[in-house]
Amino acid sequence: MKNRNFTDSHHAARVARVLLVIGLGFMSGCTSVSPVPETVIYKSGLNQVHLEKDPDSVSNSHPMTLSQSEVGALLRGVRVWKQRNLVHQLYAGESERTRGFRNEEVKVLAPALANALELASPDQRVYFHLSHVTDYGEEETTSGWVSIRGNLLYLSLSEIHDRHSPGADITKYDRVLPNVPEQAPSFGVTFEPEEYVAKARSGWRLFTPDQQEELQIQYREALEALTKSPKS
Numbered sequence: 001m002k003n004r005n006f007t008d009s010h011h012a013a014r015v016a017r018v019l020l021v022i023g024l025g026f027m028s029g030c031t032s033v034s035p036v037p038e039t040v041i042y043k044s045g046l047n048q049v050h051l052e053k054d055p056d057s058v059s060n061s062h063p064m065t066l067s068q069s070e071v072g073a074l075l076r077g078v079r080v081w082k083q084r085n086l087v088h089q090l091y092a093g094e095s096e097r098t099r100g101f102r103n104e105e106v107k108v109l110a111p112a113l114a115n116a117l118e119l120a121s122p123d124q125r126v127y128f129h130l131s132h133v134t135d136y137g138e139e140e141t142t143s144g145w146v147s148i149r150g151n152l153l154y155l156s157l158s159e160i161h162d163r164h165s166p167g168a169d170i171t172k173y174d175r176v177l178p179n180v181p182e183q184a185p186s187f188g189v190t191f192e193p194e195e196y197v198a199k200a201r202s203g204w205r206l207f208t209p210d211q212q213e214e215l216q217i218q219y220r221e222a223l224e225a226l227t228k229s230p231k232s
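Read left to right, the sequence shown gives residues 1 to 232 (my numbering).
Any given hint might turn out to be false.
Within a straight-line C-alpha distance of at most 25 Å, the following computed PhoX-like cross-link-like pairs (lysine-lysine) qualify [said to hold, decoys possible]:
id	residue 1	residue 2
1	K82	K199
2	K43	K107
3	K53	K199
4	K53	K43
5	K43	K82
6	K228	K107
These are computed hints drawn from the structure, not numbers from a lab. Remember, predicted model here, so these are calculated numbers, not experimental data.
Could you build the full structure based on these sequences and the hints that come with them?
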């Protein structure tokens with residue numbers, strides 16, 4: 001009888017653990033879903049900019065007026081690079097820093113982001129997604145969020161120039177998460193001049209392959225410096 005009670009208790013404990021894991025997985029899946037767009041600001045093909053609820057539940061300094069040229073200057077100051085492991089760094093060094101937003105991307109984003117910030121409410125943030133086909137037939141995507149709190153502009157990036165193989169060969173994708181890039185190396189991000197970066201945070205979303213890099217930029221001071229000595 002004791003053995004039977006022990007077996008039943010052991011089985012019940014295993015079932016409870018399984019249910020707990022399933023419950024946590026379900027909750028994490030729910031929290032990883034992107035907020036529903038509230039106001040579409042710009043949409044052309046797969047490119048889009050929209051307003052959505054800010055999940056941080058903070059009071060942003062919205063609406064905020066920035067000109068297209070000011071937004072463009074801030075975007076041109078973003079620098080990104082591929083992260084290399086220690087072994088790779090020893091024989092190849094650090095990756096070269098490149099612009100996070102090319103001229104053609106700034107041309108699309110600057111007016112849309114300026115418009116979005118002017119229409120956003122304090123509990124909203126701006127989401128953007130850029131997508132185009134490369135010369136090799138791959139889809140290249142860049143996604144992120146923008147918000148302003150006080151004297152800081154928050155720029156978060158979840159992907160930057162990520163390459164996705166053509167849709168015909170689905171074997172190169174995770175069948176559960178079909179939008180995961182075939183090659184998605186971790187990346188670093190900063191803003192130049194770097195003295196105007198108040199804080200930089202790096203993280204990964206729980207139970208997903210998503211990386212998220214956040215910059216907190218002293219944008220007013222940065223704009224003043226960039227106006228005096230513009231950078232390419």
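Each hint tested on the structure:
no.	hint	result
1	K82 x K199	holds (20 Å)
2	K43 x K107	holds (14 Å)
3	K53 x K199	holds (23 Å)
4	K53 x K43	holds (18 Å)
5	K43 x K82	violated (29 Å)
6	K228 x K107	holds (22 Å)
Checked against the numbered hints above, the structure violates only hint 5.
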